[in-house]
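Given the coordinates of chain A, assemble chain B onto it according to the supplied hints.
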Amino acid sequence: MARTAHHSPSSKQVLILLSLGLLFVSLLPSRFLRWAAWSGDVVTTVVTPVSDPVSRFGHWVAPARREARQGDIDQLTIENEGLRLQRDRFARRVERLEETVRRLQGGIGSISLGGARLLEAAITSRTSDLTSGVLVARAGNAQGVTTEAVAAAATEDYQLVGRVIHVGPRICHIRPITTENPERIRGRIEAVEEDGRGPYVSLEATGDRSLEGPVGVSEDPLETFEIAVGQRVRLDDPAWPVGAQGLLIGRVTEVRTDPDDPQRNVVEVTPDLRLDRVGQVVLRIPDLSDDAEEDGS
Amino acid sequence: MNWPLFALCLWILLGFELSAKAIIALGPTGIAPSFVIPLAVFVALGAPPVHALWACLIAGLCLDLTGRAGGSDAVVPGPHALGMLLAGQLVLATRSIVIRRNPLTLAALSAAAALLTGLVVVFLYGIRSLLFGSVDASGWDQLVARSGAALYTGVTGLLLALVLVPSVGLFGFQTDHLGRGGSRRF
Chain A
1 MARTAHHSPS SKQVLILLSL GLLFVSLLPS RFLRWAAWSG DVVTTVVTPV SDPVSRFGHW
61 VAPARREARQ GDIDQLTIEN EGLRLQRDRF ARRVERLEET VRRLQGGIGS ISLGGARLLE
121 AAITSRTSDL TSGVLVARAG NAQGVTTEAV AAAATEDYQL VGRVIHVGPR ICHIRPITTE
181 NPERIRGRIE AVEEDGRGPY VSLEATGDRS LEGPVGVSED PLETFEIAVG QRVRLDDPAW
241 PVGAQGLLIG RVTEVRTDPD DPQRNVVEVT PDLRLDRVGQ VVLRIPDLSD DAEEDGS
Chain B
1 MNWPLFALCL WILLGFELSA KAIIALGPTG IAPSFVIPLA VFVALGAPPV HALWACLIAG
61 LCLDLTGRAG GSDAVVPGPH ALGMLLAGQL VLATRSIVIR RNPLTLAALS AAAALLTGLV
121 VVFLYGIRSL LFGSVDASGW DQLVARSGAA LYTGVTGLLL ALVLVPSVGL FGFQTDHLGR
181 GGSRRF
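Residue numbers (the numbering used here), protein chains in the order written: chain A, 1 to 297; chain B, 1 to 186.
Excised from the complex, chain A in its bound form:
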């Protein structure tokens, strides 16, 4: 196999020119680099036959299990009460699932639910730069995925995974909520009594698989709300699509006083799953068709 290497001078020159070109391109604003995203989709799709089985094996070996939390009797009591209150919600969900089964049996691959279409997608890989935290799911334009879609994981309660930030022909990229990001996410702590609506929290990813942020102060000075470890926090953010509202962000894992404002609490919220190890997501795609609009109205 040993051969004599012949390099034409042009090969070296092309290499130098290409390097200079790449240096120039790497300093261009993102808006001029959309073509690169398309090329990236092609490369990611081409390596899927390798990355997908390895990912599946990885999810089998290290599943997105629930994070270990400090369990104590108080917390379990709160959870118990919360579960009792959720019983009715689960009953409604069972009805919806029965409807889903009926539709799937009719040969429909995805379902329409409250103006949002649900589509299951496997996580086939991550991006090569692991620090970005972006997940790659096997569903793209061909399946009707848009950047308005959000990803959730089907657990006992739909766990919000993240937002679709890029859609290719057959793949899409999802940025998990636990990835460091300047955008804050607003949630509402779920109360176990009354209407189940607690105070708002403005959360920001810590980079340590959790989010934290200050708890909003109620406008009514008489209104009190005791925040406890284990309480659920659900998405309630107008910046996110309607179909994503109410999805579980996580549970309160720590409550402390804001050092800058002693009147205010800061909570740490941890998702029920390790979002970096989710193997399957359900994409909630806003259904913008005429039928859906009529249904919604």
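Don't read these hints as lab results, they were simulated from the structure. Do not rely on the hints blindly, as some may be mistaken.
With a straight-line cut-off of 25 Å between C-alpha atoms, the simulated SDA-like cross-links for lysine to any residue are [said to hold, decoys possible]: (1) 12(A) x 23(A); (2) 12(A) x 96(B); (3) 12(A) x 24(A); (4) 12(A) x 29(B); (5) 12(A) x 86(B); (6) 12(A) x 51(B); (7) 12(A) x 58(B); (8) 12(A) x 48(B); (9) 12(A) x 49(B); (10) 12(A) x 171(B); (11) 12(A) x 132(B); (12) 12(A) x 2(B); (13) 12(A) x 30(A); (14) 12(A) x 94(B); (15) 12(A) x 7(B); (16) 12(A) x 25(A); (17) 12(A) x 89(B); (18) 12(A) x 50(B); (19) 12(A) x 92(B).
Per the computed footprint, the stretches of chain B lying under chain A, defined by three or more beta-carbons under 8 Å from a beta-carbon of chain A, are [stated by the list, open to error]: (20) 60 to 66; (21) 105 to 119.
Built from N, CA and C at the ideal position, the CB exists for glycine as well.
Coordinates of chain B only, in the frame set by chain A:
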């Protein structure tokens, strides 16, 4: 150099880069080894210089195209490609003074190449951050994470050396005849 074999290995290892890396990452630190860099280093150890640099550039470009800068949607072609090009040059400069067939050589040079690539990537992303204020990967945290990843890449380099070094002949690298016994090293 056997380019189809290089393409096949790159395809497989890029697949691992996009999937296995997340599994063996050290907690939430983002410290994870590269699978592609040891391949590029292996090629740079044995291939003719220009071929080696082309291979490094292609491997780096693949990493750029399959990466997302700092969790944003931006795909920036260049940082990894240029970093690996420099890393390739580093290997070319040192390959005459190392024992190429020793797996430890591939491990050590993979770590060094990953470190150099990481520095270039952080530097270029840092410039992008200054220019555009974008959510790009830059700063000390990145530097620490990539330095840790570089050390970790040394481990994958060692493991891959067990597969790659015996396949020198298949890659078509030129071999040097040593002594009368006809023993070879590449």
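Hint check results:
1. 12(A) x 23(A): This hinted pair holds, its Cα atoms lying about 17 Å apart.
2. 12(A) x 96(B): Judged against 25 Å, a Cα distance of about 21 Å means the pair holds.
3. 12(A) x 24(A): 19 Å, holds
4. 12(A) x 29(B): Since the Cα atoms of residue 12(A) and residue 29(B) sit roughly 39 Å apart, the hinted pair is violated (cutoff 25 Å).
5. 12(A) x 86(B): Satisfied, since the Cα-Cα distance of roughly 14 Å is no more than 25 Å.
6. 12(A) x 51(B): 10 Å, holds
7. 12(A) x 58(B): At roughly 14 Å apart (the allowed maximum being 25 Å), residue 58(B) and residue 12(A) satisfy the hint.
8. 12(A) x 48(B): 12 Å, holds
9. 12(A) x 49(B): 10 Å, holds
10. 12(A) x 171(B): With Cα atoms ~21 Å apart, residue 12(A) and residue 171(B) stay inside 25 Å; holds.
11. 12(A) x 132(B): 32 Å, violated
12. 12(A) x 2(B): This hinted pair holds, its Cα atoms lying about 19 Å apart.
13. 12(A) x 30(A): 29 Å, violated
14. 12(A) x 94(B): 20 Å, holds
15. 12(A) x 7(B): 21 Å, holds
16. 12(A) x 25(A): This hinted pair holds, its Cα atoms lying about 20 Å apart.
17. 12(A) x 89(B): Distance ~13 Å between residue 12(A) and residue 89(B) Cα, so the pair holds.
18. 12(A) x 50(B): Within the cut-off at roughly 7 Å; holds.
19. 12(A) x 92(B): Holds, at roughly 15 Å.
20. 60 to 66: Holds: 6 residues of the stretch 60 to 66 of chain B have a Cβ under 8 Å from chain A.
21. 105 to 119: violated (count 0)
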